[in-house]
Amino acid sequence: MPPPAASTAVASSTALRYRVKQLYKQLLFLGRDWPQGYETYFRPRLHKAFTGQRQLETEDEIRKAISRAEYMVKELEAFYFLKKYRHVKRAYREDLL
Amino acid sequence: MTSLRIMCATKRVLDYALKPRIAKGGAGVDLTGQKQSLNPFCEIGVEEAVRLREKLGKDKVSDIVAFSAGPPKAQDTLRTALAMGADRALLVEVAESDTPKLEPLSVAKLIAGAAKEEKADIVILGKQAIDTDNNQTGQMLAGLLGWGQATCASKVEVGEGGKEVKVEREVDGGTETVEVKLPCVITTDLRLNEPRFATLPNIMKAKKKPLAKKKPQDYGVDLANPRLKLLKVEEPPTRQGGDKVADVDSLVAKLKELKAI
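Read top to bottom, the protein sequences are chains X and P. Each residue of the first sequence is one higher than the one before, starting from 1 at the first, in the numbering used here. Each residue of the second sequence is one higher than the one before, starting from 1001 at the first, in the numbering used here.
Check the hints yourself; a few may be wrong.
To be verified - Taking lysine to aspartate or glutamate and the EDC-like style, the derived pairs with C-alpha atoms no more than 20 angstroms apart in a straight line are:
id : chain 1 : residue 1 : chain 2 : residue 2
1  : P       : Lys1214   : P       : Asp1015
2  : P       : Lys1209   : P       : Asp1087
3  : X       : Lys84     : P       : Asp1076
4  : P       : Lys1035   : X       : Asp95
5  : X       : Lys74     : P       : Asp1172
6  : X       : Lys89     : P       : Asp1172
7  : X       : Lys89     : P       : Asp1015
8  : X       : Lys84     : P       : Glu1194
9  : P       : Lys1055   : P       : Glu1168
10 : P       : Lys1155   : X       : Asp95
11 : P       : Lys1035   : P       : Asp1087
12 : X       : Lys89     : P       : Glu1194
13 : P       : Lys1207   : P       : Asp1131
14 : P       : Lys1163   : P       : Asp1015
15 : P       : Lys1035   : X       : Asp60
16 : X       : Lys83     : P       : Asp1131
Said to hold, decoys possible - For each label pair, taking beta carbons as the anchor points, the in silico distance ranges come out as:
id : chain 1 : residue 1 : chain 2 : residue 2 : range
17 : X       : Thr40     : P       : Gly1242   : 33 to 43 angstroms
18 : P       : Gly1033   : X       : Leu28     : 34 to 44 angstroms
19 : P       : Leu1255   : X       : Leu97     : 21 to 31 angstroms
20 : X       : Ala15     : P       : Gly1162   : 43 to 53 angstroms
21 : P       : Leu1258   : X       : Tyr38     : 45 to 55 angstroms
22 : X       : Tyr38     : P       : Pro1236   : 22 to 32 angstroms
23 : X       : Arg68     : P       : Thr1177   : 43 to 53 angstroms
24 : X       : Ala15     : P       : Asn1202   : 34 to 44 angstroms
25 : X       : Ala91     : P       : Gln1136   : 16 to 26 angstroms
26 : X       : Lys64     : P       : Ile1203   : 50 to 60 angstroms
Honestly, the hints are just simulated from the structure, not real lab data. Beta carbons are placed, not taken as given, at the ideal position from N, Cα and C, and that holds for glycine.
Work the whole structure out from these sequences, hints included.
Below is the structure:
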């Protein structure tokens, strides 16, 4: 197979970089309501999680890490939803408990 | 079927995760510096409107407007509703200090005025706000407008012709299914749906959606003389420790002592 054209290779790496930054901002946004604290707990850990993967080189590895971050986004959203749902259920719907 | 115009009335309340602190003097809750967000039941209402559009099609639900009455900061709450999928927002602005004057009847009057002006076919509200827990605004609204109402909805289905809605309501001891002619008022209960998250890209997009501001006078409502006066807010009494009994006989004896049996 012929090697990928120079333009697609470059576009791919900038596209991936953009996606990684986008995910970082999204996770930061989701962390605002983290019960153990945003400034003290969530943000430093998120930063460490991302900088810990700084050394990744191949597109494959980067895509795997991106899927892990996307999975974390879904996990956080599910966590927040369940927290709110359970609270409202406990407060207002004794019949459902 | 002619297209529907839905109004989602929302309220900005103290965030559900925070424990309310009683204000000095005991005549209210201290909200200074506390996070306030969209009332969970109102959030379910906005989600239902967006789901109706997704189910019926963009042409069948032509307008979803998020409404709120409150201080200027209520714009953030409306932006959340816009990020969830509402088309535009309408805020009836009152001064921060006048916010306690907003009681169910005055809010119902404001929503009624807005619903008529915006030609809404369905007004969806949360069944109650988690701070005041009145469960009155939706019902009063229906009365003021002369519309049918389906409160504590756990399922909403729009009829074939778009002229009525079939609603399953949560009542004591089960569910009740009612059919309401449009236009109507629906209030949401917990099991109606699972609200989507307002993701960061959607919040960015929501900044471009129109947010109109009005004053209570625009709907002919004067907040000067509220009918309700909040006298006192107290914490519930602290839980007393219980006694442990050794066996069934002593349990019966204790109950007899307390005149429970």
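We went through each hint and held it up to the structure:
Distance check on the hinted pair: lysine 1214 of chain P and aspartate 1015 of chain P sit about 25 angstroms apart at the alpha-carbon level, beyond 20 angstroms; violated. The straight-line distance between the Cα atoms of lysine 1209 of chain P and aspartate 1087 of chain P is roughly 7 angstroms, inside the 20 angstroms bound, and the hint therefore holds. For the proposed pair lysine 84 of chain X and aspartate 1076 of chain P, the alpha carbon gap of about 19 angstroms is at most 20 angstroms, so the pair holds. Pair hint lysine 1035 of chain P plus aspartate 95 of chain X does not hold up; C-alpha atoms about 29 angstroms apart against a cutoff of 20 angstroms.
For the given pair, lysine 74 of chain X sits about 35 angstroms from aspartate 1172 of chain P by alpha-carbon distance, which is inconsistent with the 20 angstroms threshold. About 15 angstroms separates the Cα atoms of lysine 89 of chain X and aspartate 1172 of chain P, which keeps this hinted pair within 20 angstroms; it holds. At most 20 angstroms may separate the alpha-carbon atoms for a hinted pair to count; lysine 89 of chain X and aspartate 1015 of chain P meet this at roughly 15 angstroms. Restraint check: the Cα-Cα separation between lysine 84 of chain X and glutamate 1194 of chain P comes to about 10 angstroms, which is no more than 20 angstroms; the hinted pair holds.
Distance restraint check for lysine 1055 of chain P and glutamate 1168 of chain P: the Cα-Cα separation of roughly 18 angstroms lies within the 20 angstroms cut-off, and the hinted pair is therefore satisfied. Restraint check for lysine 1155 of chain P and aspartate 95 of chain X: the C-alpha separation of about 17 angstroms stays at or below 20 angstroms, so the hint holds. At roughly 25 angstroms between alpha-carbon atoms, lysine 1035 of chain P and aspartate 1087 of chain P are farther apart than 20 angstroms, so this suggested pair is violated. At roughly 13 angstroms between alpha-carbon atoms, lysine 89 of chain X and glutamate 1194 of chain P fall within 20 angstroms of each other, so this suggested pair holds.
Proximity of lysine 1207 of chain P to aspartate 1131 of chain P is assessed by CA-CA distance (about 27 angstroms); at most 20 angstroms being required, the pair is judged violated. Restraint check for lysine 1163 of chain P and aspartate 1015 of chain P: not satisfied, since their Cα atoms lie roughly 37 angstroms apart, outside the 20 angstroms limit. For the proposed pair lysine 1035 of chain P and aspartate 60 of chain X, the alpha carbon gap of about 41 angstroms is over 20 angstroms, so the pair is violated. With a C-alpha separation of about 18 angstroms, the suggested pairing of lysine 83 of chain X with aspartate 1131 of chain P holds against the 20 angstroms cut-off.
Distance hint check: the CB atoms of threonine 40 of chain X and glycine 1242 of chain P are about 38 angstroms apart, consistent with the given range 33 to 43 angstroms. Taken as a hint, the range 34 to 44 angstroms is violated for the pair glycine 1033 of chain P and leucine 28 of chain X, whose Cβ atoms sit roughly 22 angstroms apart. Leucine 1255 of chain P and leucine 97 of chain X have their C-beta atoms about 25 angstroms apart, which keeps the hinted 21 to 31 angstroms range intact. As the Cβ distance of alanine 15 of chain X to glycine 1162 of chain P is approximately 44 angstroms, the hint placing it in 43 to 53 angstroms holds.
At roughly 49 angstroms, the beta carbons of leucine 1258 of chain P and tyrosine 38 of chain X sit within the given window of 45 to 55 angstroms. Restraint check, tyrosine 38 of chain X to proline 1236 of chain P: a C-beta distance of roughly 30 angstroms satisfies the suggested window 22 to 32 angstroms. For the pair arginine 68 of chain X and threonine 1177 of chain P, the supplied restraint of 43 to 53 angstroms holds, since their beta-carbon distance comes to about 45 angstroms. Under the hint 34 to 44 angstroms, the C-beta atoms of alanine 15 of chain X and asparagine 1202 of chain P, about 21 angstroms apart, miss the expected range.
A C-beta distance of roughly 18 angstroms is found between alanine 91 of chain X and glutamine 1136 of chain P, which places it inside the suggested range of 16 to 26 angstroms. A C-beta distance of roughly 28 angstroms is found between lysine 64 of chain X and isoleucine 1203 of chain P, which places it outside the suggested range of 50 to 60 angstroms.
Hint compliance for this structure: hints 1, 4, 5, 11, 13, 14, 15, 18, 24 and 26 are broken, all remaining hints hold.
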